[in-house]
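**Student:** As you go down the protein sequences, you meet chains A, B, C and D in turn. For the first sequence, position 222 (counting from the first letter as 1) is numbered 222 according to this note's numbering, and the numbering increases by one without interruption. For the second sequence, position 152 (counting from the first letter as 1) is numbered 152 according to this note's numbering, and the numbering increases by one without interruption. For the third sequence, position 155 (counting from the first letter as 1) is numbered 155 according to this note's numbering, and the numbering increases by one without interruption. For the fourth sequence, position 242 (counting from the first letter as 1) is numbered 242 according to this note's numbering, and the numbering increases by one without interruption.
It is worth saying that the hints were derived from the structure and are not from the lab. Fair warning: this is a prediction, and the values are worked out from it, not measured in the lab. We put the beta carbon where it would ideally sit given N, CA and C, even for glycine.
To give an idea of the chain B side of the interface with chain A (calculated C-beta under 7 Å), a few residues:
| hint | residue |
| --- | --- |
| 1 | TYR88 |
| 2 | ALA141 |
| 3 | ALA273 |
| 4 | GLU278 |
| 5 | ASP295 |
Covered by chain D, per the in silico footprint, the following chain C stretches (three or more residues, Cβ under 8 Å):
| hint | segment |
| --- | --- |
| 6 | 7–13 |
| 7 | 211–218 |
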Amino acid sequence: MASITMVDALNAALRDAMADDERVLVFGEDVGRMGGVFRVTEGLADAYGTRRCFDTPLAESAIIGTSIGLAMRGYRPVPELQFDGFSYPAFEQMLSHLAKFRNRTRGQVAMPVTIRVPSFGGIGSPEHHSESPETYFAHTAGLKVVVPSTPDDGYSLLRDSIASDDPILFLEPKSRYWARAEVELPVSRPPIGQAVVRRAGTDVTVVCYGPMVATALEAAEIGAEEGWSLEVIDLRSLVPLDRDAVIASVEKTGRCVVAQEAPRTLGFGAEIAALVQEHAFWRLEAPVLRVTGFDTPYPAARLEHVWLPDADRLLDAVERSLDYGSS
Amino acid sequence: MASITMVDALNAALRDAMADDERVLVFGEDVGRMGGVFRVTEGLADAYGTRRCFDTPLAESAIIGTSIGLAMRGYRPVPELQFDGFSYPAFEQMLSHLAKFRNRTRGQVAMPVTIRVPSFGGIGSPEHHSESPETYFAHTAGLKVVVPSTPDDGYSLLRDSIASDDPILFLEPKSRYWARAEVELPVSRPPIGQAVVRRAGTDVTVVCYGPMVATALEAAEIGAEEGWSLEVIDLRSLVPLDRDAVIASVEKTGRCVVAQEAPRTLGFGAEIAALVQEHAFWRLEAPVLRVTGFDTPYPAARLEHVWLPDADRLLDAVERSLDYGSS
Amino acid sequence: MNTTFTLQAGPVPDLEPIQVLRPDGRLVDDPRVDVQLPAAEHLAMFDAMVVTRALDQEHVNLQRQGQLALFPSCRGQEGAQVGATSALRPVDMLFPQYRELGAWVVRGVDPVGIGMMWRGSWHGGIGLLEAHSSTMSIPIGTHALHAVGYAMGIALDGDDAIAVACIGDGATSEGDVHEALNFAAVFDAPCVFFVQNNQYAISVPVREQTRSASIAHKAVAYGMPGVRCDGNDVLASYATMREAAAYARAGGGPVLVEAVTYRVEAHTTSDDPTRYRSDDEVESWARLDPIDRYRTYLRAIGVLTDDLEAAAVERGKCAATRLREGIYDRPDGDPLELFDHVFAEPTPALVEQRAELEAEIERADD
Amino acid sequence: MNTTFTLQAGPVPDLEPIQVLRPDGRLVDDPRVDVQLPAAEHLAMFDAMVVTRALDQEHVNLQRQGQLALFPSCRGQEGAQVGATSALRPVDMLFPQYRELGAWVVRGVDPVGIGMMWRGSWHGGIGLLEAHSSTMSIPIGTHALHAVGYAMGIALDGDDAIAVACIGDGATSEGDVHEALNFAAVFDAPCVFFVQNNQYAISVPVREQTRSASIAHKAVAYGMPGVRCDGNDVLASYATMREAAAYARAGGGPVLVEAVTYRVEAHTTSDDPTRYRSDDEVESWARLDPIDRYRTYLRAIGVLTDDLEAAAVERGKCAATRLREGIYDRPDGDPLELFDHVFAEPTPALVEQRAELEAEIERADD
Ligand SMILES: Cc1ncc(C[n+]2csc(CCOP(=O)(O)OP(=O)(O)O)c2C)c(N)n1
Ligand SMILES: Cc1ncc(C[n+]2csc(CCOP(=O)(O)OP(=O)(O)O)c2C)c(N)n1
Ligand SMILES: [Mg+2]
Ligand SMILES: [Mg+2]
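Only chain A is shown next, with the shape it has when bound in the complex (with noise of 0.2 Å):
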């Protein structure tokens, strides 16, 4: 067993993926001869030349439209878009073709096309390098959205989607790129829409995704120490959604947390939460209470800190949830 990084092990998967099969390409902006900003893409120009792995012209929107045609012609197209932040002027190609091509030729046309995002905050970054943009495409009907939160599961799901017929937003969480485990590569586990429980409980389901796994296990190991028994499920794909996995969860628990970066409104966690109260309504002993970040725009790097949801602010709401209706 090895000690990898989350980029070692999409590093791999990349390798990997271009090694199984000649029609996967890489490109977008710095990639290539760099290696990507994160070095996600290091060495793979080298390994399979700069036909396959290939610096563009600095135009996200070109790099998905661009996919597109890839993609109609066979090819197995893994972009990546610098940050977050930069996702967006390819919104219209996402939303618009991308999402919608399948459909608009009766299946005629798939799009295998793996979107990789370095997406969240909590690394210091400037403005627009922090953003949490899953909300934009989860409720995009036709796009899939992955997130990993640990190595194995990088590797595992990074390699899932490249061989999927769908396009899919793969969404990396920068604050996890460093965080190490010993994993043997390749690695395989649950495919996309399945959910793992990542520490098992009885008293609060806390649900999360992407760098806020972490964040929730601190919580669960500090509010062990408190007798409080959580139960954290890591969702890992938003679209689709492992809904029985959550409902079956709280079905043992009663209570329900939901946690993202995201500004709160219409982030993530109202999805969860509007589900959760439809299919388990009987069983909830207190409302499905939100961990999020703020309805502000992302703040600078000094403030971030106190901006995102930390182990704190999670435990203060699975504290308000035990005690709901008590006092």
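With chain A held as given, fit chains B, C and D with the ligands onto it using these hints.
**Tutor:** Just chains B, C and D with the ligands now, kept in the frame of chain A:
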């Protein structure tokens, strides 16, 4: 009292706003010479000159980007994006700048920009002309979202939007453009941020906005024959949201159904459901049920009536709410 | 075919459009291109133009009868569309906007599949892909990037097909078209940008769309060749596209072609063009009708006879009849199909929602 | 100031950049522009360049000491930035990207307000607006549209200010820059697009960014004048911007200026440029240093003396000290301010969330 359409009301609002404040500018594709594809800007170029109402080249990002620059210069731009689906190219300008400018400048630079977007479906249009983009905007901190449902609100809310110092997505329900009402202009209705009870009732609260208000009222009418008393709440603005009005109604009825045209996942109904279960938890006798479009691309014209929520779909949810737990 | 013009990246294009036939149908003196075509090819193009016109009119009729939701006529643009498409090989991939009826006729697309788009039966049109055309694209300018990506794929494959991005004068203002031109040039993609400058983007005239001396001039910004042709002259359109396609196919990289033409009808059947242009203007362009011009020429050189013209008209009628029969009161498709093509496999949410709609339909049927 | 070049919409720009000073600091023979400046103006520019360099270095130092999150150096670009900005009037509105330290120095912006951006105290920089500069803009190319909108507003007001969009070579690939150039031309907006072609967009060299013969050549696509200048020659940058600004101010419409220069340092302090360029290349450009060149010239014409140069260096030190004192261990702002500027008035949701965060902070303080 004159019988006017929403198009008439919006046109009058633009006229009066331009008369009252010469810093108000109206521009976009085909809004000048032609008066807009829906004739909402009809006659403005004649009345106020092509300096203040003018056609732009075909480029939505530029329409919003230049609106930002004009706002910095002290103007109050009221750009039109021709259809919902063509707001997507302007997404980066809206999210990365329009929404963030005031915050970035610590309040020094306001963005009094009202973006008019003919929105939603139901009028037999081709692809991309029937989208429900409200989630994208409502989730974005720094944007307000206003959705009128009647001619008088069209007038009043558009005047208030243009007078506001905040950036506003003003989503006009195309399917209500030609519905008539007796209105004496100018008319003043409750301000942005205040919901209105369109029909009082005691059994189930129906939360809706824009095109779904008429559907909800129709359902309430039919439901009354079944002996169901529906309270119809027209949100009028999604940001700011009149949560108090919704909660007050649910405290009374104990049941809530929320209706939207948008696909279900992360549609505005998710936010309403999340808030209602959080703030009226003990009072709820059934889960908040969502009446929505489906998680598919919006269909072609001949199938849209099947896809769109109608009174029947709404009443089915009402019935499920009323029967909840009793079966 | 001989030509005295050469496609070249760098210099400013000639403002004078390439022309083969004068408006009166006679050959221009000293043309920059020399088109020697077999009679059969001439007749095929003439036929396609006549069929296009007939189908165009039948769409308009069907729309007036409430059978179509909308229709964007290509009347007046048949020369540009038929000429350019006829110069391509069948495997060259078209990326159309929505007003490309003439191109689809050349490619033999069943008109019913086109009419279904405008009826609102399904998005994008049916049967286009089989004819090496992408589906119709409504978000202006966006599909130019698909053409470039596809062309990059062709180059990666070492194939000698090309991709053709069909866009309008209005589209050239969109950021996506800029990005497409730039990517195409940087990656030497075998892509021809075929711009039909029909003078309008809905109500906005091209002079308010750009201050570029011409659309073709924009090629300078990308280091690619740009060329203008008379789009109402089917032979000029043919010859120009043939040169452009050959250039791209030979590995020269992309080319920007501007076909100068005119949209004689309204933007779509919903539009009222009297709001933004004069009858005089329309009439002056109507006098430049591409079919009339070509007919005069083909008659003069003896290729087109009364019989052959009657046959073309007949084929137009047949096509129109086929369209009408396939579209009139056409039953709607199964709404449950809406859940079938969202993903390769429906998600649990889609399975559930499909069942909901199914139940709803059953309820309604009761 | 005399010039023998004229800004003109239409023709392809001269590939040879306008130069006043040769790399060795001597005047070029027969320059296309003739810059006769009073000694005081020369010295002000020299000062600004020296101060910029000193501040630039101090930012890098502070970043290495963990005081800044990040810093994008403008080393090597001082000639372009100081020259161009010095040619403007104080009310001419700048729309900077993020690497515009030299421009802000000319405008007298307090360096602490710039350092606060890079420390991560607040977005966009503080004190820029007061100096008629918009805030820093990170989404590449986007702010070019703000400049155009602002310039449209100037024209509507009948004012004689101009707007200046400062963008990079990489930015020219973005759709927004295309749309900005096009809108500016169509609306005759008094806007100068000032492109610092520093040869790289992070790791991507400009030859992979575009096939245009030069960035200035892109002007042809918009029917506006395009002009190249030597960006490492402060006097050429000054003279070129002065012409461009005069043209725009006089109602001529927009101008595209390309300053050919080089980013001598890494893209930002996070970047490792050895991955994509050679030391030789960097050294060959470092020999074209704009400050050295200007110093040699000013010494030769007797404007710059030992004392005056020492004074400039001293001002650089003062500025650096001011930056360091204002930034080092600077306490963070009140996080509750995050709720104050979302809207003119906070919404009920924001009021509630503010209270939540306040309570959380109090809890943490306990
Ligand atoms: C992104 C986008 N914005 C706006 C529209 C609305 N619209 C439909 S056609 C059209 C004009 C297109 O003009 P042009 O490109 O010249 O093509 P033409 O219709 O003349 O063939 C506009 C503005 C659209 N379809 N897509
Ligand atoms: C829309 C967008 N995409 C990507 C980035 C990431 N990024 C930051 S700087 C940069 C390169 C910019 O190059 P250029 O315009 O030449 O300016 P320079 O940094 O050389 O001054 C990139 C790709 C960004 N900031 N914005
Ligand atoms: Mg046109
Ligand atoms: Mg650069």
